[in-house]
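Take a look at the letters that make up each chain.
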Amino acid sequence: MILTGWGRYPAIDCKIETLRDTSDISRIFELDRSLIARGNGRAYGDAALNPETTLLMKGCDRFLEFDPEAGSVECEAGMLLSDLLEIIVPHGWFPPVVPGTKFVTIGGLIAADVHGKNHHVDGSFGRHIESLRLALPDGSVVTCSHSENDELFAATIGGMGLTGIILSARFRLRPVASKFIDETIIRAPSLEALLSLFNAHHAATYTVAWIDCLARGPNFGRGVMILGEHAMPDRPFNDNKSRRKPGPRLSVPVELPISPLTRMTIGLFNEAYYRLQKPRVRRRFYDDYFFPLDIVQNWNRIYGRRGFIQYQCVIGGKDAENGLRRILELVRDVGLGSFLAVLKKLGPGNRYLSFPMNGYTLAVDFPVRVATMDGLTRLDAVLSEHAGRIYLAKDARAPRNLIERGYPDIERFRELRRKIDPNRKIRSVLSERLGL
Amino acid sequence: VTGAGTRSILILGAHSDVARPLARIYAEDGYKVILAARNSNRLSSDLADLRIRSGQESDAREFDVLDTAGHHSFLDGLGELPDTVISLVGLMTPQARAQSDFAAADLMIRSNYLGLVSILGEVANRMEQRGSGTIIGVSSVAGDRGRATNYIYGSAKAGLTAFMSGLRNRLMPRRVTVITIKPGFVRTRMTAGLALPAALTATPEELARAIRHAHRKKRLVVYHRRIWRLIISIVRCLPERVFMRMQL
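Residue numbers (this note's numbering), protein chains in the order written: chain A, 1 to 436; chain B, 1 to 248.
Honestly, the hints are just simulated from the structure, not real lab data. Keep in mind that the hints are not guaranteed to be accurate.
[To be verified] Just a few of them, taken from the derived set where beta-carbon distance is under 7 Å, the chain A residues facing chain B: (1) F29; (2) R62; (3) F63.
[Stated by the list, open to error] Only pairs whose alpha carbons sit at most 20 Å apart, straight line, appear in this in silico SDA-like list of lysine to any residue: (4) A:K15 with B:L196; (5) A:K58 with B:I52; (6) A:K58 with B:G166; (7) A:K15 with B:I52; (8) A:K58 with B:M190; (9) A:K15 with B:M190.
[Said to hold, decoys possible] With beta-carbon atoms standing in for the labels, derived distance ranges: (10) B:T6 with A:E69: 21 to 27 Å; (11) B:I227 with A:N401: 50 to 56 Å; (12) B:A198 with A:E432: 26 to 32 Å; (13) B:Q56 with A:K318: 29 to 35 Å; (14) A:T377 with B:T201: 15 to 21 Å; (15) B:N39 with A:P408: 45 to 51 Å; (16) A:F285 with B:V242: 40 to 46 Å; (17) A:L268 with B:I234: 43 to 49 Å.
Note that the Cβ used here is the ideal one computed from N, Cα and C, for glycine as well.
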């Protein structure tokens with residue numbers, strides 16, 4: 001079966017196996033083929049693809065335990081975040097970290113150690129995990145936590161599914177007083193203004209900025225800062241008015257033959273978006289605040305047949321602002337940066353292959369074309385100078401030396417892999433491309 | 001009816017890929033759910049999951065559709081007869097195997113048809129006596145016309161469809177509703193590895209919602225996805241002389 005990541009590039013013919021009961025995992029390891037686990041296929045590139053066996057985990061989606069008093073949950077790795085939200089929010093709990101889509105599995109959240117708009121305060125998802133159950137390549141199943149198999153635990157968080165098959169996880173939740181987020185929108189006319197907003201609002205729970213990658217001259221780096229706080233209740237949780245039908249309301253039904261996204265259309269979109277984002281405060285349903293793109297089902301199809309690459313990097317260190325500026329200049333000059341350019345200031349990170357670290361992260365979508373691939377190589381060069389990192393969950397093309405430079409723990413990760421998986425039973429297209 | 005206002009549902013074939021989303025929908029709607037399948041001890045994690053999702057206790061029972069002699073005592077063991085019984089029981093063996101190995105054909109026919117004549121027949125008798133109830137059976141579009149590629153499975157499903165149609169006819173005056181669900185392609189273990197056209201293929205979750213909807217609306221015969229009703233009505237109109245030359 002032809003599979004792709006969310007970016008629809010690359011497309012690989014993969015043999016599929018399905019897991020419905022975590023107790024069946026030994027059967028999968030007995031197959032004489034390498035494998036990688038796949039959740040909901042929302043990693044953008046080649047992380048959840050293996051032509052020999054791609055193991056579909058979505059059938060393992062049961063709650064194992066939920067304590068509505070203490071706010072902790074244990075569930076199987078194939079559970080969708082959207083499913084989790086449906087159950088826990090009415091009890092006054094929220095996931096500790098959510099990414100930009102709710103259509104991801106818990107296993108995927110852990111394997112990519114996702115960050116959210118609260119990373120500068122609360123860290124990544126991995127920080128909130130109490131324990132997880134991992135099936136190792138030798139067929140054994142172990143429990144990992146800070147006190148038990150702690151190195152394996154640390155390496156699995158952000159380990160792109162390469163340390164074993166994550167079967168289930170137990171993690172802590174955040175208490176919330178309502179289903180609503182109080183959102184504050186602030187416009188920043190330049191990059192300096194935008195960056196100073198991150199510093200001014202470092203205590204806000206949720207911060208993220210949209211940035212206009214095509215703006216030139218005095219407008220260069222202009223953007224819109226979006227802050228959020230969990231709202232105090234003005235309606236009871238079970239109020240039906242606050243219950244909207246979950247799930248997408250719009251859809252891109254077919255792959256567009258050519259992408260309508262050109263420099264001109266994106267420029268017009270960005271101009272309109274910037275002008276429409278009037279500074280204001282408003283109360284929004286959590287879904288609309290955290291997952292605006294989930295409203296459009298299959299939005300990834302608008303990039304056309306060849307798919308797209310999301311270039312997400314993080315630049316840290318003293319020179320981070322300068323590095324970010326250089327990257328943005330290049331994105332502007334390459335000229336194909338999409339309307340979805342997102343900027344966020346991150347807090348301290350985790351170990352091994354976890355992506356987030358102190359600094360600025362920028363995510364820009366590029367349709368796959370020869371010109372953009374060349375442009376990305378130029379971005380790589382700047383990123384490498386600043387020892388920046390590419391987010392593996394988004395990547396489909398980064399060169400090995402860039403990844404090695406950006407992830408200082410990579411050798412330790414390889415060492416651990418050699419120890420637990422000498423025959424490289426667990427593999428993905430990504431792991432083979434980068435020698436992980 | 002169990003308790004004050006609590007409706008109950010028995011799901012036969014609870015290891016089916018459709019069973020889990022279906023049980024969740026009914027549990028969240030306040031039904032008491034009874035899951036029935038072979039190796040019912042393997043359903044314990046599903047019971048925990050249903051409890052967390054719905055706040056309701058569910059139940060798992062040992063049930064083998066082929067053990068027709070045990071069907072009476074299986075129903076007796078439930079205590080009260082559930083308000084609704086849904087059968088998701090089904091077995092599809094590749095046609096090539098079924099036509100060359102009678103044991104495989106025999107097993108398929110007993111699983112898809114004979115066993116259900118036994119259990120659904122007895123459920124019908126008891127509901128008739130009670131004067132209320134709903135029986136929902138998942139048959140298949142494969143039963144609507146025999147095709148070279150799938151006719152042994154199809155003939156068993158055709159038998160089930162006719163059986164349920166007759167039950168409906170018989171039980172209508174006794175206020176027992178009989179609903180036949182005819183899925184086209186569904187992405188399940190049964191169809192794993194087959195190349196299915198995306199536009200005609202449903203997910204198990206989608207089929208589960210369609211079953212709940214059909215139940216709520218008291219539909220009688222439901223095709224899912226709905227396009228199949230059109231496809232099948234065209235296929236059924238083809239003269240045999242034309243149909244026999246087609247590769248479907």
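Q) What hints, given by number in increasing order, does this structure fail? A) 1, 6, 7, 13, 14, 16
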